[in-house]
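These protein sequence lines map, in sequence, to chains W and H.
One gets my numbering by counting positions in the first sequence from 1 and adding 29 to each.
One gets my numbering by counting positions in the second sequence from 1 and adding 29 to each.
Any copy will do: because identical chains look the same in the list, a pair fits if it lies in one copy or spans two.
Dumping the calculated DSS-like pairs for lysine-lysine here, alpha-carbon to alpha-carbon at most 27 Å:
#, residue 1, residue 2
1, 331, 57
2, 304, 57
3, 304, 331
4, 346, 304
5, 304, 323
It is worth saying that the hints were derived from the structure and are not from the lab.
There are 2 protein chains.
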Amino acid sequence: MKDTGDMIIPTFDDVIAAHERIRPHIHKTPVLTSSYLNELTGAELFFKCENFQKAGAFKVRGASNAVFGLPDDMLEKGVATHSSGNHALSLSYAAGRRRIPCHVVMPRTAPQAKKDAVRGYGGIITECEPSTSSREAVFAKVHAETGADFVHPYNDPRVIAGQGTCSRELMEQVEGLDAVVAPIGGGGMISGTCLTLSNIAPGVEIYAAEPVNADDAARSFRAGHIIADDAPDTVADGLKVPLKELTWHFVSRHVTDVLTATEDEIVDAMQLTWKRMKIVIEASCSVPLAVILKNPEVFRGKRVGVIITGGNVDLAKLPWMGMPG
Amino acid sequence: MKDTGDMIIPTFDDVIAAHERIRPHIHKTPVLTSSYLNELTGAELFFKCENFQKAGAFKVRGASNAVFGLPDDMLEKGVATHSSGNHALSLSYAAGRRRIPCHVVMPRTAPQAKKDAVRGYGGIITECEPSTSSREAVFAKVHAETGADFVHPYNDPRVIAGQGTCSRELMEQVEGLDAVVAPIGGGGMISGTCLTLSNIAPGVEIYAAEPVNADDAARSFRAGHIIADDAPDTVADGLKVPLKELTWHFVSRHVTDVLTATEDEIVDAMQLTWKRMKIVIEASCSVPLAVILKNPEVFRGKRVGVIITGGNVDLAKLPWMGMPG
Numbered sequence: 030m031k032d033t034g035d036m037i038i039p040t041f042d043d044v045i046a047a048h049e050r051i052r053p054h055i056h057k058t059p060v061l062t063s064s065y066l067n068e069l070t071g072a073e074l075f076f077k078c079e080n081f082q083k084a085g086a087f088k089v090r091g092a093s094n095a096v097f098g099l100p101d102d103m104l105e106k107g108v109a110t111h112s113s114g115n116h117a118l119s120l121s122y123a124a125g126r127r128r129i130p131c132h133v134v135m136p137r138t139a140p141q142a143k144k145d146a147v148r149g150y151g152g153i154i155t156e157c158e159p160s161t162s163s164r165e166a167v168f169a170k171v172h173a174e175t176g177a178d179f180v181h182p183y184n185d186p187r188v189i190a191g192q193g194t195c196s197r198e199l200m201e202q203v204e205g206l207d208a209v210v211a212p213i214g215g216g217g218m219i220s221g222t223c224l225t226l227s228n229i230a231p232g233v234e235i236y237a238a239e240p241v242n243a244d245d246a247a248r249s250f251r252a253g254h255i256i257a258d259d260a261p262d263t264v265a266d267g268l269k270v271p272l273k274e275l276t277w278h279f280v281s282r283h284v285t286d287v288l289t290a291t292e293d294e295i296v297d298a299m300q301l302t303w304k305r306m307k308i309v310i311e312a313s314c315s316v317p318l319a320v321i322l323k324n325p326e327v328f329r330g331k332r333v334g335v336i337i338t339g340g341n342v343d344l345a346k347l348p349w350m351g352m353p354g
Numbered sequence: 030m031k032d033t034g035d036m037i038i039p040t041f042d043d044v045i046a047a048h049e050r051i052r053p054h055i056h057k058t059p060v061l062t063s064s065y066l067n068e069l070t071g072a073e074l075f076f077k078c079e080n081f082q083k084a085g086a087f088k089v090r091g092a093s094n095a096v097f098g099l100p101d102d103m104l105e106k107g108v109a110t111h112s113s114g115n116h117a118l119s120l121s122y123a124a125g126r127r128r129i130p131c132h133v134v135m136p137r138t139a140p141q142a143k144k145d146a147v148r149g150y151g152g153i154i155t156e157c158e159p160s161t162s163s164r165e166a167v168f169a170k171v172h173a174e175t176g177a178d179f180v181h182p183y184n185d186p187r188v189i190a191g192q193g194t195c196s197r198e199l200m201e202q203v204e205g206l207d208a209v210v211a212p213i214g215g216g217g218m219i220s221g222t223c224l225t226l227s228n229i230a231p232g233v234e235i236y237a238a239e240p241v242n243a244d245d246a247a248r249s250f251r252a253g254h255i256i257a258d259d260a261p262d263t264v265a266d267g268l269k270v271p272l273k274e275l276t277w278h279f280v281s282r283h284v285t286d287v288l289t290a291t292e293d294e295i296v297d298a299m300q301l302t303w304k305r306m307k308i309v310i311e312a313s314c315s316v317p318l319a320v321i322l323k324n325p326e327v328f329r330g331k332r333v334g335v336i337i338t339g340g341n342v343d344l345a346k347l348p349w350m351g352m353p354g
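All chains should be built: construct the whole structure from the sequences, respecting the hints.
So, in structure tokens, the structure goes:
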């Protein structure tokens with residue numbers, strides 16, 4: 030960790046330490062390919078399947094790093110967070126494995142499957158309204174009452190160091206990548222990717238993929254400073270949250286470009302992945318494929334890592350239900 | 030092949046030859062595990078993911094073996110078949126790769142996704158009613174008109190030898206299996222499994238899993254002779270077809286037991302697999318997990334191979350749509 034006075038920035042040594050710490054608690058997820066999608070895009074795509082990860086999402090990497098690095102005098106009070114879903118259940122999973130309490134503030138509109146899973150791992154849920162402002166207000170109350178250690182879903186150096194283990198694995202699994210594409214919400218996965226790649230593969234391009242309907246990262250990237258939305262609406266429910274200073278630090282320095290896709294493009298890419306690759310992925314992690322399909326000139330002829338961030342989907346409420354298949 | 034006068038029975042040498050012949054045209058599919066499902070069942074389950082197979086199903090193994098073994102003087106007339114879906118698109122896929130015609134008789138009620146995929150590979154579809162009798166009548170007409178080589182979906186020694194390559198791979202990928210469970214419709218996969226395991230691992234138990242609503246194999250197994258249904262109705266649309274003499278040969282000699290599951294049990298197992306393993310699988314290949322959950326005393330403590338036969342699902346028409354998730 031590097032303390033700049035303003036913030037504590039994780040270094041690549043923290044990624045290596047995180048990897049050792051979390052290894053017993055996570056999967057080394059497989060990388061899948063699809064000859065159909067390669068033909069369709071003209072690129073060679075390597076899908077890093079974090080939908081097969083413990084708790085169903087990459088977020089278990091950062092959450093486990095925070096939980097298993099927690100000092101002994103904090104174990105009784107445990108951890109707390111607010112999250113649109115996957116960080117909540119990842120933190121609950123990790124806390125459950127360390128047998129410490131985990132308090133979670135979740136929007137009441139979060140998918141039922143995610144709420145059930147959080148409770149299944151032993152997490153204690155307090156609901157808020159689906160806006161950044163409500164979430165932060167409710168969380169402040171829970172935090173004050175419990176005294177638990179706040180593990181922010183992405184603006185936390187322990188979390189970013191944990192997420193950085195994903196692209197470290199990907200680089201071991203696939204040789205000669207030209208680019209990596211990952212979805213961007215708050216920027217935790219992208220920041221971890223920046224941290225790792227800027228250290229071990231600085232020539233690899235990093236693209237952040239974002240819904241047009243929640244394009245605060247794209248607008249921040251163009252403007253050169255953080256622009257936040259309150260309560261954006263998108264099918265990619267994991268990507269509604271804004272950048273914060275720590276993720277902005279990485280995004281502003283290392284991201285090649287932020288590309289956006291519409292709701293229809295995201296749902297089409299999601300359906301295409303289910304149909305052709307036979308894997309269950311969230312709308313949020315269909316955004317990378319959507320932007321690759323939309324910007325063929327950027328990716329054609331390249332070897333591209335695509336981070337499939339999670340697979341926690343409400344099967345009774347799929348975005349194409351009622352639409353022609 | 031062994032000619033008994035009554036029928037031509039494939040031998041394990043045919044499985045080895047099939048494996049060499051089809052290797053360039055198929056995937057060696059991965060084996061996935063789930064600690065959640067292991068805990069739930071008390072067994073160690075190894076899922077052989079033929080849903081990731083070319084054309085989305087194991088049937089491409091048998092179909093490719095038939096197509097790539099076709100003599101030169103038959104190439105112009107091509108191949109023909111009738112199928113509830115996956116054999117149709119597998120044969121179309123293989124024929125497309127060898128650039129020969131492929132005529133397919135399909136029930137008009139087959140999932141739209143399967144019809145689209147057959148046509149996408151260049152197959153020529155003639156529709157029939159969803160009953161065994163209609164299918165056979167329409168097929169006889171198509172066969173007579175085209176003179177194409179009939180590749181039966183399962184009652185064909187070339188097809189059974191091809192399907193036998195799946196459990197050959199599984200035995201290379203997982204050590205010390207005690208049992209293998211696969212769905213049974215016409216019996217092609219189970220027969221290939223019997224052929225391979227009886228030669229290379231005769232101690233491994235073989236369980237066939239079947240819907241209660243199409244339990245002709247279970248009743249045949251108890252009776253000691255083939256009992257066929259006409260037009261059974263089950264969500265497991267790949268398992269509606271009856272055993273024939275060649276598959277009965279293997280089933281009657283090598284299967285340990287035929288276990289059945291109800292429609293609800295099948296849909297529950299399908300949903301559980303999607304939710305927990307994040308893979309898209311058909312109702313047909315959820316029957317093995319359904320019977321494992323239903324008969325814990327049979328499988329507890331064992332290392333069990335589970336053949337996930339395919340992932341070709343109509344995403345707009347999932348069996349739990351309209352049901353609570």
